[in-house]
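Residue numbers (this note's numbering), protein chains in the order written: chain A, 1 to 152; chain B, 153 to 310.
Bear in mind the hints are in silico, worked out from the structure with no lab data behind them.
From a predicted model like this one, the values you see are computed outputs, not experimental measurements.
Ideal Cβ placement from N, Cα and C applies to all residues, glycine included.
Heads up, some of the hints might be wrong.
Listed next, the in silico EDC-like pairs over lysine to aspartate or glutamate satisfying Cα-Cα at most 16 Å (straight line) [what the hints assert, rightly or not]:
id	chain 1	residue 1	chain 2	residue 2
1	B	Lys265	A	Glu82
2	A	Lys3	B	Glu218
3	A	Lys3	B	Asp283
A few chain A positions that, by computed beta-carbon distances, are all more than 12 Å from chain B [said to hold, decoys possible]:
id	residue
4	His8
5	Gln46
6	Gly56
7	Pro65
8	Pro69
9	Trp78
10	Asp79
11	Tyr90
12	Ser102
13	Thr106
14	Lys109
15	Ile118
16	Cys123
17	Ser151
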Amino acid sequence: MTKRTTSHATFVIERELEHPPAKVFAAYSNQHSKAKWFVGPEEWRQSDHQLDFRVGGNESVSGGPPHGPVHKFNGEYWDIIENERIVIAYEMHMDDTRTSISLGTTEFKSAPTGTRLIYTEQCVFLDGHDNVHDRERGTQDLLNQLETFLSI
Amino acid sequence: MTTTHATFIVERTYSASPQRIFAAWSDPVAKRAWFVEGEGWEIESYAVDFREGGTETSRFRFLKGEETFGEKTFFGNNTVFNEIVPNERIVFTYSMDRNGVRFSVSLASVELKHAAGGTRLIFTEAGAFFDGADGPKMREAGWNELLQKLDDHLVEGA
Numbered sequence: 001m002t003k004r005t006t007s008h009a010t011f012v013i014e015r016e017l018e019h020p021p022a023k024v025f026a027a028y029s030n031q032h033s034k035a036k037w038f039v040g041p042e043e044w045r046q047s048d049h050q051l052d053f054r055v056g057g058n059e060s061v062s063g064g065p066p067h068g069p070v071h072k073f074n075g076e077y078w079d080i081i082e083n084e085r086i087v088i089a090y091e092m093h094m095d096d097t098r099t100s101i102s103l104g105t106t107e108f109k110s111a112p113t114g115t116r117l118i119y120t121e122q123c124v125f126l127d128g129h130d131n132v133h134d135r136e137r138g139t140q141d142l143l144n145q146l147e148t149f150l151s152i
Numbered sequence: 153m154t155t156t157h158a159t160f161i162v163e164r165t166y167s168a169s170p171q172r173i174f175a176a177w178s179d180p181v182a183k184r185a186w187f188v189e190g191e192g193w194e195i196e197s198y199a200v201d202f203r204e205g206g207t208e209t210s211r212f213r214f215l216k217g218e219e220t221f222g223e224k225t226f227f228g229n230n231t232v233f234n235e236i237v238p239n240e241r242i243v244f245t246y247s248m249d250r251n252g253v254r255f256s257v258s259l260a261s262v263e264l265k266h267a268a269g270g271t272r273l274i275f276t277e278a279g280a281f282f283d284g285a286d287g288p289k290m291r292e293a294g295w296n297e298l299l300q301k302l303d304d305h306l307v308e309g310a
């Protein structure tokens, strides 16, 4: 029998971006844009990225290291205010095991130099899978990729 | 525009078994009795599909809406069940709307653990509360009330 554990955690990441909120928001709302930066490490194999950006709409992508387990991301949008806020709830599966469920809030605030982005993730890690340190590091990597995408 | 994030926990010990408590969450008739029905509210609609990926939606009129908010007031609740482990755990995402305007989105878990003479229920909610939201303090009070109503329901049905 699986030993059930339910571990709650929250982390916050802030970034100062030298781009206006509308441009940063578009990197999240436009499927072609998001597919360019919301991806795993280069050496990973990866599925198509699906995005239906509206409240109630879904997003999914999966991938993983060669010969390793498949990491699956499945999200649903719960709140969208153009250029200001996005709230998504998403689940992660490792192969067929659900490992975590998260609520992610991205806030886009006008700043003198562009945009202050604040990402807050409230997570539930299930049965000892995954942890908040790895999740935060993975999210930092994604936001680095967002910055690179915006600067091109 | 403000967004406030907060997490709170409500714990309660019930004399009923985990199986009985889980049934009060999984059975649509039982769930409606303790979760939806309430004094001061008029239920417009309620539907639940208790399975992973299933939804629960309710819309109800707050009878003191005119007095409190100066207008006819309807609240809406939308839930998606993310994870269900019978008799052990339920994880769900839910939103609250007032007159069509979303004011919170939350991730909640219910854990059921065997305890001396019954069950320890641990409810944990991590929420994002928007402008005009009730806020985490009131939400916590609301769940305290709901979990008391669950207790009353279990005793009545014993």
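For each hint, the structure was consulted:
1. B:Lys265 x A:Glu82: The given pair, whose Cα atoms are some 42 Å apart, is violated under the 16 Å limit.
2. A:Lys3 x B:Glu218: violated, 49 Å
3. A:Lys3 x B:Asp283: violated, 39 Å
4. His8: For His8 (chain A), whose nearest Cβ neighbour in chain B is about 5 Å away, the distance does not exceed 12 Å, so it is violated.
5. Gln46: Nearest chain B Cβ is 24 Å from Gln46 (chain A), so the label holds.
6. Gly56: violated, 9 Å
7. Pro65: holds, 26 Å
8. Pro69: Answer for Pro69 (chain A): holds, closest chain B Cβ roughly 19 Å.
9. Trp78: Incorrect as stated: the minimum Cβ-Cβ distance to chain B is 4 Å, not above 12 Å.
10. Asp79: Violated: least Cβ distance 5 Å, not greater than 12 Å.
11. Tyr90: violated, 9 Å
12. Ser102: The claim is violated: Ser102 (chain A) sits with its nearest Cβ about 7 Å from chain B, within 12 Å.
13. Thr106: It is violated; Thr106 (chain A) is separated from chain B by about 10 Å at its closest Cβ, not greater than 12 Å.
14. Lys109: violated, 9 Å
15. Ile118: violated, 8 Å
16. Cys123: Violated, since 8 Å does not exceed 12 Å.
17. Ser151: holds, 27 Å
Violation of the numbered hints given earlier is confined to hints 1, 2, 3, 4, 6, 9, 10, 11, 12, 13, 14, 15 and 16; the remaining hints are satisfied by the structure.
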